[in-house]
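J.: Residue numbers (the working numbering), protein chains in the order written: chain A, 1 to 502; chain B, 503 to 1004.
Read the hints as simulated data drawn from the structure, not as lab findings. Heads up, the beta-carbon is just placed ideally off N, CA and C, and yes, glycines get one too. Certain hints may be false.
[To be verified] Here are a few chain A residues that face chain B, going by a calculated C-beta distance under 8 Å:
| no. | residue |
| --- | --- |
| 1 | N81 |
| 2 | Y84 |
| 3 | M103 |
| 4 | L107 |
| 5 | G339 |
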Amino acid sequence: MVLSKTASESDVSIHSTFASRYVQTSLPRFKMPENSIPKEAAYQIINDELMLDGNPRLNLASFVTTWMEPECDKLMMDSINKNYVDMDEYPVTTELQNRCVNMIAHLFNAPLKDGETAVGVGTVGSSEAIMLAGLAFKRKWQNKMKAQGKPYDKPNIVTGANVQVCWEKFARYFEVELKEVKLSDGYYVMNPEKAVEMVDENTICVAAILGSTLNGEFEDVKKLNDLLIVKNKETGWDTPIHVDAASGGFIAPFLYPDLEWDFRLPLVKSINVSGHKYGLVYAGIGWVIWRSKEDLPDELIFHINYLGADQPTFTLNFSKGSSQVIAQYYQLIRLGYEGYKNVMENCQGNARVLREGLEKTGRFNIVSKDIGVPLVAFSLKDNHKHNEFEISETLRRFGWIVPAYTMPPDAQHITVLRVVIREDFSRTLAERLVIDIVKVLHELDSLPARVNAKLAVAEEKAAASGVDIVHHKTDREWELEVAEAWKKFVADKKKNKTSGVC
Amino acid sequence: MVLTTTSIRDSEESLHCTFASRYVQESLPKFKIPERSMPKEAAFQIVNDELMLDGNPRLNLASFVSTWMEPECDKLIMSSINKNYVDMDEYPVTTELQNRCVNMLAHLFHAPVGDDETAVGVGTVGSSEAIMLAGLAFKRKWQARRKAEGKPFDKPNIVTGANVQVCWEKFARYFEVELKEVKLKEGYYVMDPAKAVEMVDENTICVAAILGSTLTGEFEDVKLLNELLTKKNKETGWDTPIHVDAASGGFIAPFLWPDLEWDFRLPLVKSINVSGHKYGLVYAGVGWVIWRSKDDLPDELVFHINYLGSDQPTFTLNFSKGSYQIIAQYYQLIRLGFEGYKDIMENCLANAKVLTDGIANMGRFDIVSKDVGVPVVAFSLRDSSKYTVFEVSEHLRRFGWIVPAYTMPPDAEHIAVLRVVIREDFSHSLAERLVSDIEKILTELDTQPSRLPTISARVTAEEVQNDKGDGLHQFHTDIVETQKDIIKHWRRIAGKKTSGVC
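Same shape as in the complex, but just chain A (with noise of 0.2 Å):
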């Protein structure tokens, strides 16, 4: 008779994870846990927790893609341990980069003669696109002030103040200046002229924004292009442009397809896109396309040469996934032209029913253009009682998650709310939101006023120590106080661009 042994480890598959142990001992957080766990439970710990994350479909402040079809997540999962940079390896991947590449080229009116292949690669977002575009730049620039026999140490680039931070980052981290033009009172994207003045002979591109991501604004990139051939002309600098068209590029062209602010204006060299956003793909991919050869330095290309076969490559990453550019190409073919176009037509219908709601409450500013990328800002008529910010933390309540923003200078006395319509942004949800704003400004105008509180706070102190308050600040000049207060808070942390949109 054989006495039979139950090995103790058999307690652990028996019971059902929430049970087991794993789930009462604390989740290791600072140091590798010295054994393993199964994978269920492993699972299940990281999928809870998980839980408490924001709903990506519900976060209205941002404008990556947060649905594709199941379709697509088929064909994302089935490539999802691909590594792109495997040019050799997975050729057809890499061949639907390149068909990605030229579609786009086509589509931003690139030089391109019959046959011809664009030039222009697929990054990790427009950060990485950005970074590349500038460096060809630069680069070029060096070059041809080596060539003249001039200084080049000192490259500098010219934008709106209302750049996103990547191009804060492209600056840093490269070591080009930027030199940023000021926004002003009711406008809140670049101005040509006062661009075009600032060039130099250090500049190395004018950067014009298509999309600004605050309000949604197309710069005039065409007065742009005019204003900068004509300071070219007098100065021989030939100082070119580049369209940060990171929102607007996967929007113009099928909305406002005869806007000229692409390849079709001769001082444009080169454009960035971000395909995750309304290129209708998950977070991870971005284009950035060149007009022609001659505006990518060769020597900034490596040459990959994996048995034989010679792949020219020009990113900041290197292994990757592959899920996103193949994700892109299924869009660009599945939707076509037309479908791209319905998308986008009704992403600006239904955020026309928003600002239409928002409108009606009678409390409301819009910030944004009719023309632009689809998304509402809008600011608070009267806001000295209660401001933007606590109307976005109320809204959390609700589960929307609306950003407040406060504008970049010299406009940093105003706040805004910002909603970004995506494709997934229907139209129930947009009269749900207006429905939802209002009854969080029914709540707010039942509470007191946070700012009057601690005014009040700060009258009883300076009346028990017996300074007189002999000045009543205006609302406007409290405004600016505030916001001055807040914006050298947010500046002292040196110097940083902290706008913090994105």
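Given the structure of chain A, go ahead and fit chain B onto it with the hints provided.
T.: Same frame as chain A, now just chain B:
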């Protein structure tokens, strides 16, 4: 009676099954976005079918990057595929998971972090970005020091071995740092610490050592480098630091050789990068860089993103990107724990040994890789006069294996090797199968006429002319010389550093 009408065009589109539909009869749009949309099933099928011609990721023995994860992890990945990592305020748990990974890795590498202190580090898209960030930190620190000393700071350089991966070249070229390479020599395929320290001058921002050389998997002797550099620093007062590129080795050495001192236990090591997507066992798209302490990361490089009040410091080149790789890395760290990783690495080592023994037993190859290092088997043909390793590689493709062949960097370019990377999913039986397939190929190639007739003829003719009784020795030298000539000529054609090794 109501007359029903169906639009004939519509009914045709949905009746045909996917393979017979018109979309598969027309050629795929390649250069321009198609005018019309197509049904999603057709789009899926078309893209899926083209991708069948990509190589099979799991048979790609060229790459270190993970190609298999547990289904539970795949499930986690799919559910977070629509989360944009950079939205830190919206996805606080995902951000927290990144921070936990950073801390776990910092402890794994023995960073001098106190119990209550948080480690300094960041998740990146891969080791390329990680290395650029680390290099930027070194460059900025060095510039600040030189400025304070009133010395010129316009010619920074970095000292590495010629066996570096191409991303160091990229860093040097894009960030305008000179790359001073320590040349290799036959039989010694990593950076010689003594020669490296010799090359250090006052403009050196750091010395980069590699733990897990791409070509042979060898670990460089970081301890010796540290000792020699400490001595030189004492003499010169230059305070030159070390960076360890542990892209492959960082997840191997701590588990297999915990007593090997290569990490922050050595005082001059200031930053380490490791690829999560190599032996971190995650799909492509995640890397990590860890700094020793806050002082090693200049604050001016860190951007403070200020979303709705919460301050998040960030230092990355990429902005928007997917979250799923970070979540997958955390899953692996808690699922496997120290014990799990150790088991896997031991298995890889054992499978590498099976392959090494099998290849060595054929008697036709020299094993170039070492026993201590990344589980990689690099081998060269003893006799390359009839056919080269490049042909063996080509023939292996027919069997489904992707095994790359490379020439070594200078000054060992006459050596060409085949390299097989042993990943987690390369089992014992696959190793045996590969050995038997290589044997088959050798038999085939032996019986075929050689592709190199002209070369051998030339060599034979010379031998006859120069036969001084010492013919055999002369013959051997001539072949090596000729090979060297061929390689030099080929390299000249291919252009700049085309290591093509990944």
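J.: Does each hint hold? Answer for all of them.
T.: Hints, one by one, checked against the model:
no.: 1; hint: N81; verdict: holds (4 Å)
no.: 2; hint: Y84; verdict: holds (7 Å)
no.: 3; hint: M103; verdict: holds (5 Å)
no.: 4; hint: L107; verdict: holds (6 Å)
no.: 5; hint: G339; verdict: holds (4 Å)
Going down the numbered hints, you'll see the structure goes against none, and every one checks out.
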